[in-house]
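Novice: Top to bottom, those sequences are chains U and S. With positions in the first sequence counted from 1, the corresponding number in the numbering used here is that position plus 2. With positions in the second sequence counted from 1, the corresponding number in the numbering used here is that position plus 19.
Hints listed in this document are in silico derivations from the structure and should not be mistaken for laboratory results. Please note that the accuracy of each hint is not assured.
To be verified - Residues of chain S placed beyond 10 Å of chain U at every Cβ, according to the derived structure:
id, residue
1, THR141
2, VAL160
3, ARG162
4, LEU169
5, GLU171
6, GLN173
Stated by the list, open to error - Computed from the model, here is a short list of chain S residues facing chain U with C-beta under 8 Å:
id, residue
7, LEU24
8, ILE41
9, LEU52
10, PHE79
11, VAL80
12, GLY109
13, ASN112
14, ALA128
15, PRO131
16, SER145
17, GLY146
18, GLU157
Idealized CB from N, CA, C, for every residue including glycine.
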Amino acid sequence: MTANGWLQIVIFLALILAVTKPMGVFMTRVFNRERTFMDPVLRPIERLIYRLTGVDENHDMRWTEYAFAMLLFSAVSMLLLYLMQRVQGHLPFNPQKFAGVTPEHLAFNTAASFTTNTNWQAYSGESTMSYFTQMAGLAFHNFASAATGIALAIAFIRGIARRQMQTIGNFWVDMVRSCLWVLLPFCIVGALVLVSQGVVQNLRPYDTVKLLEPQQVQHVGADGKPAVDAKGKPVMDTVTTQTIAQGPVASQEIIKEFGTNGGGFFNANSAHPFENPTPFSNLLEMFAIFTIGAGLTYTLGRMAGSQRHGWAVWAAMAILFLVGVTVAYWAEARGNPLLAGVNQQATATQPGGNMEGKEVRFGITNSALFATVTTDASCGAINGWHDSFMPLGGMVPLVNIMLSEVIFGGVGSGLYGILIYVVLTVFIAGLMVGRTPEYLGKKIEAYDVKMAMLVALVFPLVILIFTGISSINGFGTSAISNPGPHGFSQMLYAFVSGAGNNGSAFGGLSANTLWYNTTMGFDMLIGRFLMMIPMLAIAGNLAQKKYVPPSLGTFPVTTPLFTVLLIGVILIVGALTFFPALSLGPILEHLLLAAGKTF
Amino acid sequence: MKQNLKIAILMTIVTTVLLGLIYPLVVTGLAQLLFRDKANGQLVSRNGQVIGSRIIGQAFVGPGYLHSRLSAAGAGNGYDAANSGGSNLGPTNQHLIDRVKADIARLQAENPGQPVPVDLVTTSASGLDPDVSPAGAEFQVPRITRERGLSESQVRQIIQQHTEQRTWGLLGEPRVNVLEVNLALDQAKAMAAK
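Extracted from the complex, chain U is given alone in its bound form (with noise of 0.2 Å):
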C-alpha cells in the first residue's frame, strides 16, 4: 500500500461527499415537480411523452397500483429484450451480422438480467450482439431499470414523509422524471467526455489490422483441440491481423456506471481499452457509480424534513466503504506468496502486488477501489477480474453484494435497501427500551417490520438453496473452473451476484448452460420484486399513517449512535447469514494459502 494509493482512495471520497447535496437537491426538485434550469428543453419532451403513451400526470397511485404499473413496464420491456436478441439478424445496425441470439435460455437470461439492472452476462458482448441490440436493447434497459428504481426509492421516501395519504406518487411521471432529468444529461455530457478519453464510439465494422509482429499459433482442428501432424509436432498457423471491435461504447458505458448496471459492451468490461482507457476515465466511471446513491441521502434527508438523518445514513455507507476498500486494497497489494521470485513491491515504476487480472493503467489500487465500489452499488461492472482477487480481496465483493449492496449502493435499490435495515434498526432498539418503534413520526408496527423480514430472508434463501444444489450436482460443479474452496466461491458468488442484482462475477465459472442460466434468471427476478414488492407495501403502509411527534423516549435516528447501530444490524443481518458459506469457500481459501496449498 502506498501513499498515493491511499490519497486515490480519499480524493474519490472527498468527490462523493462533494456531489451528495447538490445532486440530493437537484433530485428533490425533480421528483417534487418543481421548476430546474433544464425544463424549458425537458418540459416539452415529457408533455410529448405523455401524450403519445396517455400518462395522465396529476394521478396518483396507491402502492398497489404503483407496483402493477411498474411490474407490466419490467415485463413488457423484457419481452421486448427477448424478442430482439431472438431476431436481430433481421434488424439494422449489425456490420458483422450476428445471427439472433441462441439458445432460448441465453436470451430469457439476458432479457431477465438486464430488465432487473442485473446485467449478469453470460455471453460475450463482441462476439454476440449486434450494435441494434446494444443499443436498443441492452443500453435502453440500462436506462429503464435504474430509472424503475430511482422512481421506487422516491415512493419509498414520499411513503415516510406524507402522513393519513392513501397515495405514493405516480410510478410513469417518477420514471419518465428520472430518465430525462436525472440520467439523460448526465450521460450525454459524460459519454462525450469518455469519448475524450478513447472509449470509442461509432457504428463501423471491426477493424482488421496488419500486426507489427505476425505470430506463430498453434492450429485448432475442427474438433476444437490443438492440432498435431503425424510425428505429433504441433501445426502452427501464422497470424498476420488483429480483428479490432468497435462499436456505439461511449453512449452505453455511462449509463452503465450512472444507472449502476455494469453490463460491459465488450467481455472485459471495464478493463478493456475501449470502455476505460485511461486514469481519468476510471475515476468518472467510479463517480458516476456512487453519485445517485449518494444523492438519495440527501434527497431522504430533504424530503423527510430531517437533513441530519441522511447525513446519519450517509455516514455509515462511507463508514462501509472504508472498510471494504481497505481489506481489498491490502489484500491485493501483498500480492501472492505463491509465486515465488516474482518481484510484487509496489515501486515508483510498477505497482507491484497480485496483478492477475489486473491492468497496468490501474494498478492495484483503482482495481481494489473499483471493485469496492462496484459491489457496494449494484453495478457489477469492473476493471479487474474479481476471480483473480486474493482470496480476502475477493471476499470483499463478495461480501458487499452480501450486504445487499446498501453502501451507496444500486440506483434507488440502494437506498431503499438501507431504509430495510433501518427499519430493522429502529425496531431493534425499540426493543432494546421496550416501546412501540418510530422512525421519522411514524410508529413502525408488526406489517411493516414483517414486511422488512420478508425482504431479509428472501435474499438469502434464494441464493443459499440454488448454491448448495449447484454444489452437489454436476450440472452445477461442472461449471468450475478453479478447483478447491475457490469452486466454490464461484458458484456462490454468481448466485449472490444475480439476487443482489450486481453481475459481476467471478469470471472463471463457465454460466451459459441451462442450469446457470434459468436459475440465474430466477435468482435475478425474484431479487428484483420479491424486494420491490414488500417494500412498496412498506411504504404504503406508512404513508397512511399518522404523525407522531418525538418523545423524550424516541430513538433518534439523526446521531452517530444510530449510524453505529445501523451499521450493526447490516453486519449482522447480512454478514451473519452468510458466514457459513464464505468459511467455506475464500476463508477456507486464504487459511490454505497461507500453508502454501494449492489446487
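Chain U is fixed; fit chain S onto it per the hints.
Specialist: Positioned in the frame of chain U, the structure of chain S alone reads:
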C-alpha cells in the same frame, strides 16, 4: 389495469426510440464531430497500412521487441481484440503457479540476477493491455539492446518517450505503451534480416 398495460406497451416503445436510438445516435454524431480519432479507436498507420490501435495491445515475442504482458484473450498468444477477457485463474490454482514458474525461468535466462516485475508474468484483465510498467520495460532493455545493436541509453530514451506518468501526478499508474515503443524501435533501427 387495462389502462396501465396500454401505457406499459406504449411507454416501452417511446422510451426505446428516445433512449435506445435517438440518444446513442446523437452521441455518435457529436463524438464523430468533436473527437473523430478517439471515437474511432485511435488507429495507427505505417506506410499507409493500418497496423493497430494506439490503445489496444498486440502480442510481441521477437527478442528485438518490447514484449507485451501475457494475454488470455483468444487462442495462442492472445491479444484477440474481438475476444477480450482474462485468465480468471484463482490465486490457488496450480495452473497459475506453474505458468508463472515457467515464465520466470524464461525471463531470468534473458536477464539473469534481476527479480522479474510482476506485470510481466501475469495476464491482464482485458487481454488487450496496451502497457507494461516502467519496471517491466526496464527489465527488457538488455535483451532489446543485444538484439537491435542499439545502445542501452538509446533504448531507454525511446521507452522514456512513450512512458506516461500518473494523470496530474496523481491518478492511475505510470505505464509504457508497448506498440508505440516498438514502432519507434523499428524506426530507430530495423532488426537485421534473418
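Novice: Go through the numbered hints given earlier and state which of them the structure violates, listing their numbers in rising order.
Specialist: 1, 8, 9, 14, 15
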